[in-house]
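J.: Go by the hints and put chains B and C onto chain A.
These protein sequence lines map, in sequence, to chains A, B and C.
Start counting the first sequence at 1; every next residue gets the next number (the working numbering).
Start counting the second sequence at 1001; every next residue gets the next number (the working numbering).
Start counting the third sequence at 2001; every next residue gets the next number (the working numbering).
By construction, these hints were calculated from the structure, which means they are not laboratory data.
Take these hints with a grain of salt, some might be off.
Unchecked claim - Below, a list of computed lysine-lysine pairs in the DSS-like style, where the Cα atoms sit at most 30 Å apart:
| id | chain 1 | residue 1 | chain 2 | residue 2 |
| --- | --- | --- | --- | --- |
| 1 | B | Lys-1106 | B | Lys-1150 |
| 2 | A | Lys-136 | A | Lys-106 |
| 3 | A | Lys-136 | A | Lys-122 |
| 4 | B | Lys-1122 | B | Lys-1106 |
| 5 | A | Lys-136 | A | Lys-150 |
| 6 | B | Lys-1050 | A | Lys-50 |
| 7 | A | Lys-150 | A | Lys-122 |
| 8 | A | Lys-122 | A | Lys-106 |
| 9 | B | Lys-1122 | A | Lys-150 |
| 10 | A | Lys-150 | B | Lys-1136 |
| 11 | A | Lys-106 | A | Lys-150 |
| 12 | A | Lys-150 | B | Lys-1050 |
| 13 | B | Lys-1122 | A | Lys-50 |
| 14 | B | Lys-1122 | B | Lys-1136 |
| 15 | B | Lys-1136 | B | Lys-1106 |
What the hints assert, rightly or not - Using C-beta positions, here's what the derived DEER-type ranges look like:
| id | chain 1 | residue 1 | chain 2 | residue 2 | range |
| --- | --- | --- | --- | --- | --- |
| 16 | A | Lys-106 | B | Thr-1161 | 55 to 63 Å |
| 17 | B | Arg-1137 | C | Phe-2205 | 16 to 24 Å |
| 18 | A | Met-125 | B | Gln-1167 | 46 to 54 Å |
| 19 | A | Leu-43 | C | Glu-2114 | 32 to 40 Å |
| 20 | B | Glu-1126 | A | Asp-71 | 33 to 41 Å |
| 21 | C | Ala-2063 | A | Pro-142 | 35 to 43 Å |
| 22 | B | Glu-1168 | C | Ala-2063 | 42 to 50 Å |
| 23 | A | Pro-142 | C | Phe-2188 | 54 to 62 Å |
| 24 | B | Gly-1140 | C | Ala-2181 | 55 to 63 Å |
| 25 | C | Ala-2181 | B | Val-1038 | 40 to 48 Å |
| 26 | B | Gln-1059 | C | Phe-2188 | 46 to 54 Å |
Stated by the list, open to error - A few chain B residues facing chain A, derived, Cβ under 7 Å:
| id | residue |
| --- | --- |
| 27 | Tyr-1048 |
| 28 | Val-1058 |
| 29 | Met-1125 |
| 30 | Leu-1133 |
| 31 | Arg-1135 |
| 32 | Gly-1140 |
Just so you know, these numbers come straight off a predicted model, no measurement behind them.
Even for Gly, the Cβ is constructed at its ideal location relative to N, Cα and C.
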Amino acid sequence: MSQDDLAILEALLFASPDPLSIEQLHTVLGDVERDRIVENLNLLRETYEKNGSGLTIVQIAGGFRMSTRPDLHPWLSRLASTRPTRLSRPALETLSIIAYRQPITKAEMEAIRGVLVDGVLKTLMERDLIRVLGRKREVGRPLLYGSTRKFLEYFGFQDITELPSPQEIEALTPLRQDAGETVKSEGENS
Amino acid sequence: MSQDDLAILEALLFASPDPLSIEQLHTVLGDVERDRIVENLNLLRETYEKNGSGLTIVQIAGGFRMSTRPDLHPWLSRLASTRPTRLSRPALETLSIIAYRQPITKAEMEAIRGVLVDGVLKTLMERDLIRVLGRKREVGRPLLYGSTRKFLEYFGFQDITELPSPQEIEALTPLRQDAGETVKSEGENS
Amino acid sequence: MVYQVKLPAFEGPLDLLLHLIRVNEVDIYNIPIAQITEEYFQYLSLLQELDLEVAGEFLVMAATLVYIKSRMLLPAEPSATGEPVEEDPRTPLVDMLLEYQRFRASAEALAGREDQQRQFFFRSTPLEVPADGGTLEVSLFDLLAAFQGVLARAADQPVLDFVTRPVTTGERMVAILDRVATQAAVSFESLFPPAADRWVVVVTFLALLELLRQGSVRVQQQVDFGDIVIARAVA
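Chain A extracted, bound-state conformation:
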């Protein structure tokens, strides 16, 4: 019985996105005493240690959570750096404006988004999703931006006229709760 208590405890700690308090564990485990839960948590940690496991149990802010062994941190950084990155919401918004309004100047993007876009533009350029198309024939000759070949390939389209139309977008995306919200001046670095 104790064997399975440990397994259940282990599974709960693994799957929980937040630290679990003794109270929470007691609620879920029902008939297991609080003292017993504490004992089992310690037992689990000791077992991990004894077996040289890559995992450990840490106690933080009123709860317990499963974590990787601190000394293995460099490996996790390596994992993180090999994983695909997602674009931030500001980057995505700016990218979509460029895709649909190209050729477009930085000032025009900023007028639409209501925030500066310098940081985001840099990120998008580095990722080869946008490029400079030329200069606008107006005072100051500002740079004009557009999407790249890679951008189209990434989404499986031949040219920019193939991008979903506003009607198609409407049909594909449930209107977001926060859609009407005003833009906060977010940290604009992708």
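T.: Quick look at chains B and C alone, frame taken from chain A:
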């Protein structure tokens, strides 16, 4: 050394939110051979089993991921209040059409189901189970849809070829007498 | 006061027809069309009596059933060549039902796998280590949802009206350059999207003229009235 290899592998599997392929693991682990990684994955799974751990390693969507032991799910259901809901029947029907017939347009799905699929497509897009693959070269250039990697993960497939074959599906249907036969034009007793 | 009546809910006309075929235990390859049509209409009128809206696709199917029924009563029409046409008017419907049924079964199989997979619990927390570099992971859905956010916020500002804004010469220029950048030669016709309206055609043409003026592209025609081919200008 091997001891620590296992611990690192364990930490990586724990920390990764997606299944890790042998290739990804090889990239992160650097000097560990692919064969050795497979061996270690098996060793880890066997160790968990032998120790009666609440965790296990599952092979899914072309990779490996750490999971809770399936028989413990009643305990975990108590913990997790915010799991995504099960897919509705219309969503599952549309999804299976997309999975088997991809790339496929909305009109083609609607022809098979006999109903509009707009709402369902939104849900499936939002849950990242389907994606736009491009546009069909025909009048109106409709969008083409296909399944995602998340689809494989969600249903526990290794890859898309693991979908049951039409014959296997046929075997599941109640009305299967002489499926291939042509309809004879009999005297109508309607 | 609203009364709730429990009716079997059908996903659509095909779902309803399969149900009728099953409860009547009739052969799907030899559907007694008059009987099934009658029961189909009974269900529709039940919906109407309950003041429930009957979706358009149910009505389309009703018309189809009536048509098939009438065709069954007529002697086979001779074809253009004078040969009698043997095809059973029910065949297209039967094919549709069979195909739909197959996908319904595969949907059930998927539901079974969904149940099975729900016994596995994974960690959903993202990696704590911030990632930089690496390959990109963005879905078209992400991009569109972001754009929809932009559109929604811009809705009050008529100057940013994307919905009615027509395609511009600049956009078409970019599109043409994109095409010639990867293909050695692009046919003139293919520059115009098949579903393009007059405006898009005019703008595309203007874009091509502008590119020619700039010397960014060349236009060739091998023979009189032959295909016009657009190619990138040699640098």
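J.: Regarding Leu-43 of chain A and Glu-2114 of chain C, is the given constraint of 32 to 40 Å on their beta-carbon distance met?
T.: The hint (32 to 40 Å, Cβ to Cβ) holds, given that Leu-43 of chain A and Glu-2114 of chain C are roughly 35 Å apart.
J.: Should the hint that Ala-2181 of chain C and Val-1038 of chain B are 40 to 48 Å apart at their CB atoms be regarded as holding?
T.: 43 Å Cβ-Cβ, so the 40 to 48 Å window holds.
J.: Hold the hint about Leu-1133 of chain B up to the distance rule: shortest CB distance to chain A must be less than 7 Å.
T.: holds, 5 Å
J.: Measuring from beta carbon to beta carbon, are Glu-1168 of chain B and Ala-2063 of chain C in 42 to 50 Å?
T.: violated, 36 Å
J.: Does the beta carbon distance between Arg-1137 of chain B and Phe-2205 of chain C stay inside 16 to 24 Å, or does it fall outside?
T.: This hint holds: roughly 22 Å between Cβ atoms.
J.: Holds or violated: is the Cβ of Tyr-1048 of chain B closer than 7 Å to a Cβ in chain A?
T.: violated, 10 Å
J.: Taken at face value, is the distance from the CA of Lys-1106 of chain B to the CA of Lys-1136 of chain B at most 30 Å?
T.: holds, 11 Å
J.: Hey, Lys-1122 of chain B versus Lys-1106 of chain B, does the alpha-carbon distance stay inside 30 Å?
T.: Since the Cα atoms of Lys-1122 of chain B and Lys-1106 of chain B sit roughly 12 Å apart, the hinted pair holds (cutoff 30 Å).
J.: Would you mind confirming whether the straight-line C-alpha gap from Lys-1122 of chain B to Lys-150 of chain A stays at or under 30 Å?
T.: holds, 26 Å
J.: Compare the distance between the alpha carbons of Lys-136 of chain A and Lys-150 of chain A with 30 Å, and conclude whether the hinted pair is satisfied.
T.: Given that 30 Å is the threshold and the Cα spacing comes to 23 Å, the pair holds.
J.: Check the hint pairing Lys-136 of chain A with Lys-106 of chain A against an upper bound of 30 Å on the C-alpha distance.
T.: holds, 11 Å
J.: Compare the distance between the alpha carbons of Lys-1122 of chain B and Lys-1136 of chain B with 30 Å, and conclude whether the hinted pair is satisfied.
T.: holds, 19 Å
Hints 12, 13, 16, 21, 22, 23, 24, 27, 28 and 32 from the earlier list are contradicted by this structure; the remaining hints agree with it.
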